[in-house]
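Residue numbers (our numbering), protein chains in the order written: chain A, 25 to 412; chain B, 25 to 412; chain C, 25 to 412; chain D, 25 to 412.
Derived by calculation from the structure, the hints in this document are not laboratory data. Careful, some of the hints might be misleading.
Partial list, computed: chain C residues near chain B (C-beta under 7 Å) [unchecked claim]:
1) K318
2) S319
3) L322
4) M327
5) T329
6) E336
7) A337
8) A341
9) L411
If you want the ones that stay clear, here's a sample from chain B, every Cβ over 10 Å from chain A, calculated [to be verified]:
10) F39
11) D97
12) A176
13) L180
14) D197
15) G251
16) D263
17) E280
18) S282
19) Y288
20) S299
21) Q410
Calculated lysine-lysine pairs in the DSBU-like style (CA-CA distance at most 30 Å, straight line) [what the hints assert, rightly or not]:
22) D:K270 - D:K72
23) B:K72 - B:K49
24) B:K121 - A:K270
25) D:K152 - D:K208
26) C:K49 - C:K72
27) A:K208 - A:K72
28) A:K72 - C:K72
29) C:K121 - B:K318
30) D:K318 - B:K49
31) C:K318 - A:K29
32) D:K29 - B:K86
33) A:K152 - A:K72
34) D:K318 - D:K208
35) A:K72 - A:K86
36) C:K152 - A:K29
37) D:K208 - D:K121
38) A:K49 - C:K208
39) B:K121 - B:K152
40) B:K49 - D:K121
Keep in mind that this is a model prediction, so the values were computed, not measured. The beta-carbon is built from N, C-alpha and C at its ideal position, and this holds for glycine as well.
There are 4 protein chains.
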Amino acid sequence: MMPVKFGIGMLGYGFMGKAHTNAFKKIPYIFYPFPVEPELVAICGRDKANVRETAARYRYQKWTTDWREMIADDRIQIFDNTGSNDIHCEPCIAALKAGKHVIVEKPMALNLAEAWRMYRAAREAEEKGTKHLVAFNYRFVPALRLARRIIAEGCLGRIYHFRSAYLLDRLSDPTAPFFWRLNKERAGSGVLGDLNSHAIDILRFLLQTEINAVMAWNHTFISQRPGPNGDNCPVDVEDASMLWLKLTNGAMATLEASKVATGYKTVWRIEIHGSEGGLAFELSRGNELQFYTKSDPLHLQGMRTIHVTEPEAHDYARYWWPRGHGLGWEHYHIHMLEHFLRCIATGADVAPWGATFADGFRCQEVIEAALVSGEKGGWVDINHTQLE
Amino acid sequence: MMPVKFGIGMLGYGFMGKAHTNAFKKIPYIFYPFPVEPELVAICGRDKANVRETAARYRYQKWTTDWREMIADDRIQIFDNTGSNDIHCEPCIAALKAGKHVIVEKPMALNLAEAWRMYRAAREAEEKGTKHLVAFNYRFVPALRLARRIIAEGCLGRIYHFRSAYLLDRLSDPTAPFFWRLNKERAGSGVLGDLNSHAIDILRFLLQTEINAVMAWNHTFISQRPGPNGDNCPVDVEDASMLWLKLTNGAMATLEASKVATGYKTVWRIEIHGSEGGLAFELSRGNELQFYTKSDPLHLQGMRTIHVTEPEAHDYARYWWPRGHGLGWEHYHIHMLEHFLRCIATGADVAPWGATFADGFRCQEVIEAALVSGEKGGWVDINHTQLE
Amino acid sequence: MMPVKFGIGMLGYGFMGKAHTNAFKKIPYIFYPFPVEPELVAICGRDKANVRETAARYRYQKWTTDWREMIADDRIQIFDNTGSNDIHCEPCIAALKAGKHVIVEKPMALNLAEAWRMYRAAREAEEKGTKHLVAFNYRFVPALRLARRIIAEGCLGRIYHFRSAYLLDRLSDPTAPFFWRLNKERAGSGVLGDLNSHAIDILRFLLQTEINAVMAWNHTFISQRPGPNGDNCPVDVEDASMLWLKLTNGAMATLEASKVATGYKTVWRIEIHGSEGGLAFELSRGNELQFYTKSDPLHLQGMRTIHVTEPEAHDYARYWWPRGHGLGWEHYHIHMLEHFLRCIATGADVAPWGATFADGFRCQEVIEAALVSGEKGGWVDINHTQLE
Amino acid sequence: MMPVKFGIGMLGYGFMGKAHTNAFKKIPYIFYPFPVEPELVAICGRDKANVRETAARYRYQKWTTDWREMIADDRIQIFDNTGSNDIHCEPCIAALKAGKHVIVEKPMALNLAEAWRMYRAAREAEEKGTKHLVAFNYRFVPALRLARRIIAEGCLGRIYHFRSAYLLDRLSDPTAPFFWRLNKERAGSGVLGDLNSHAIDILRFLLQTEINAVMAWNHTFISQRPGPNGDNCPVDVEDASMLWLKLTNGAMATLEASKVATGYKTVWRIEIHGSEGGLAFELSRGNELQFYTKSDPLHLQGMRTIHVTEPEAHDYARYWWPRGHGLGWEHYHIHMLEHFLRCIATGADVAPWGATFADGFRCQEVIEAALVSGEKGGWVDINHTQLE
């Protein structure tokens, strides 16, 4: 059976553009035989010289500085939006209206109003079989897939605590340069949207529960940074964001994100405690999952380190290498886009393994409430807008 | 020079009574030559049979069920109160008035009003040379002493974050029996006073800063537990307590304490990030301190694990064993009481190494504010009552 | 500048064939602009159906079951031998004689005589600019490159100890099936050649010293295993191999390799101690390097964990992802083949970063001596055959 | 029931004298009610001023510089020999002949001939009920007791590997001063007897098997060191000792000990792999035991970290502190001497929990063979001298 060709139109050629493009190149031979053949049709970015070079690098068939060209291009069936947050909404809606499957980087939108419009467009497009994905790539970490399975099987019992600490040191130096993520107009928020959005999504993914209320404490430690022209640019988003979440299942969740956590290159610690067991994960040791169960004999109970490199534990292991060989950061994107392409080919649902625009909207509800709470300093209930 | 004898009167014979008594027995030969000879004069507890046996066990010269007897006993110069929280206030004040040096377990009091009365009594007694101590033993973990030194020397620069997670699983089993710490009347609060009090104190000790405002989220997961007579006893204190603290130095502090953290026997993680470096500590690996400094060459920067078993790093190492031999939990109490006895003998100040009743009061201010915030759900400013 | 095309002929389509092919596909866009364009011309294997499917999977232009066809094919400039050990020698020599650059998987040969012939063929081919590589991929782990740099800069002083423990549990189950690596005729040796060869090579790479003498203890715990037809096949190579090495620099090296190390998926621990510092590495946490230096202040000395994800520490970081994003196992092969292709394009030396056939021969000298020692049980001197 | 008084005569007042004395002081109140009341009757050492001060410090009733005085003293029932290795043999034999129970530090003797005489004397004394102990204190690490239990219950199946690496950095500095342990005449051997003796004993304790043959590689990196008078003293014992042991149960054991392992304060790693599971222990994290079992579901298998602080896992937990509170290095000696005193009081056997002179002799057989092998460089069989 020959794979079906799907043309890719990529908006953005930076960090995420590279990660997604790499995935499209690898999927056909890693997941062989694979039902989809992604064709790199077009790439779009603001800077003409850069986008031209990027197209040459990855062998996109053409490049453009106008995303509307990609919307109009019939050879493109999949529109992948890895641009900055301010360029998510309109292009995605246009692509959905044009009948293209759409991928968008997280957070989905600058604000809840945008997210709602995007969700509505996606919902309508679904009628015609269109698929949509918010690129919450950590849902595709094999260790976290295993965590979800363990929780779903009831091994943790009643959930008491969910704890996330996403800690980087990238901005701890006050002379680290200004860029778009530090500007509210272009980013919507700071580490709340950039890092805590991941924590919110993975919480929903792992626990299969919703968030009822949020308390937030956002803070900007360094309020201006050197700009590209030697000037000082004001930073109007938070360097650090603390959240408390009341969950529908009765558990307490504490989320902490910071980019001034000196000493930590990329620490993302997730810990879950229930009545029957516990789990712990840390992204920089992403091939490992810690698991504790009260069902072990009392004298043998302890957090066990599962090396999620074995086919019994790791949904994707059979496609990669023999036992014991670990994956890296790039592979989570590959798994995610493999899932999305396969769903397009087979008609299967993107949810619950991938995050849809509905999931992106749910996350945005919490972000929006967190911004309100951060301003006012009290608990803010989540609306749970009806999504059908 | 012969050591001066000081008679000890011990209130309480449980966990802490044992830990303190053990310390009094070991100090003279470990810190030899030591200026004080503690004499175990009397021990007091509620249950006659138990207290009698405990007296025999540790060779206290006498026992009683009435603490007032110890206050009246002139052979007792040091009154050590390791009883439950509801028995802290009156006995300590009486002992101070009777001219005895006083040690009290943490949290200092049931509430801020009691703490204030205790502080006032201690402050007055100071005029006569009386010493007082709140038993925040973790100030005497060698690794945390080293942490304080590193911070005081400026190696962390401007402090951005203080993070504490004190996580136990003792109460994760709903059938774990009721005891006094689960009763507000006798304990004042739950894990807030029991565990987060340690975090509040160690924050003040390490950072040498104060707390300006607190936000709290306290929760009781299991609201009744089996009592001693087979009945169900209501639990009216929190199993889990989350705190956010705004610090005078501008840093953000997040404190989490739980006794339903299944999988964690005793995890107490403390992490501090500043503009120039970072520190991390975990109580179950109490002989280790993690330290990161930006002053290392860029390609060699990393969290280093300092084994705080060497005399260069460990203030007490020379008294114990040769290099490389670790201490355990009991030794923090020994260091603390060694300090207190030495202060009595030499007239030196208990602060800043030991926590005085002023420190205990400062901690209680935060606890009290946290209870208010937990009820109301917003930031509560700390008064910083003038302490002289 | 257009990249120069080099045709690849791949012998073998299993684990390593996949790893190498993946590398050839990724190099041009990851290391962009890259001077070489590898073309997947032909792939060869024993099983017709399998090799045909593999060719389709990776898009090799043709397939064959006769490696001589590839030697004869002028479109192939690079011959990559990832076949089993018994198929290394003749094809490599033929390819070298035909003027092709040659890559061969480790260990280089079945025995020292073969290795010598291969080395001689490579040495002669060098005259015409031919490059050769033994695929010791762990030389290209960024953390181990950093380790080499630290040692070369003298940060460890005089070297005392090199320790390697390469521990897997793949064969701990007596019912794990027989395959070619368990047969001396096809593999030459067991874990000695499969795992300890890596340790021998990385020792030479890191310390830049040679091995003077070897003592070996090889053991087969499970001497027969189920074969493909339900029969029992005798295992005539070792499951576990212990080596002691006397190094030219005066250090002691201890190497341990086992495939019956139950509990360890892939533990490869390397530790080095010198007069001025120490290093430690563990493959399953391959983005981390531990480093200790006596030049730190005494109270701050400790093993630091360098996250080798930053461009200052990691030679390849700038090609991959922003700070803090870790690599996985596959990337070491990519780095290795990038280096080899670049050396072909630029005429630069493969050594010292890559292992040449001279390095492969040096390793084989130790393996051969280890087999002798393992039989006889005493120290066996290494000849250090003059290599020109 | 009143405890029976037993008079202690202590030979040696250094590191081990302090550790043992501390134990005698703590045992009666920690293990209350305890059948023995150890009385500190006399202490003996070479330096008059030091021994006098030590006697005052620990409140020994008298002191002497002549150990024969202690042998002659009827108030002494227990002779505890913590002196240097050259003072083990004669005093122990004399004490045994005088009917005293005897404790001796490890290694038991300077050589096998001495060990044989000591064993014979102990064997004869047994007839009169005399107890004897070689102070292999690590048998009393709770985590290692648990390890023995796990192995004895068959959870590891057939044993494949035992691995010990005992690594210190105390001598990595060439200017570290000369002392008795560096002199063959006084110590018998270097790290072989000091560190690897522990590994040999714990191997026998954990696996309940014997050692059939040994291969050794001993090396002295720094062959002279500054003496007390500013002179250079020759070092005639090894800084590093590698052993391979063939075990009666068919397993391979590799033992490595070094005092020039720069970067490691006290690393003692013990790892055991069997057909059904694995164990790992590291002394500097002595409250933890790692355990892997193949009986877990396949997707949940991993090394679990058992915090050996809980009464279900820890034979001594009930005597110490509530759940979750860790012990330190000193406590292993306390457990060991508690066991010995209790055996004296009850008549119970010292073996298998404690090491008897028979165990000490077995260990010395291996040390002696290792010295021979180290000289000659081949396997040396162990005699297994008949001990009855």
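- Which numbered hints does this structure break? 1, 2, 8, 9, 13, 14, 16, 17, 18, 19, 20, 22, 24, 25, 28, 29, 30, 31, 33, 34, 36, 38 and 40
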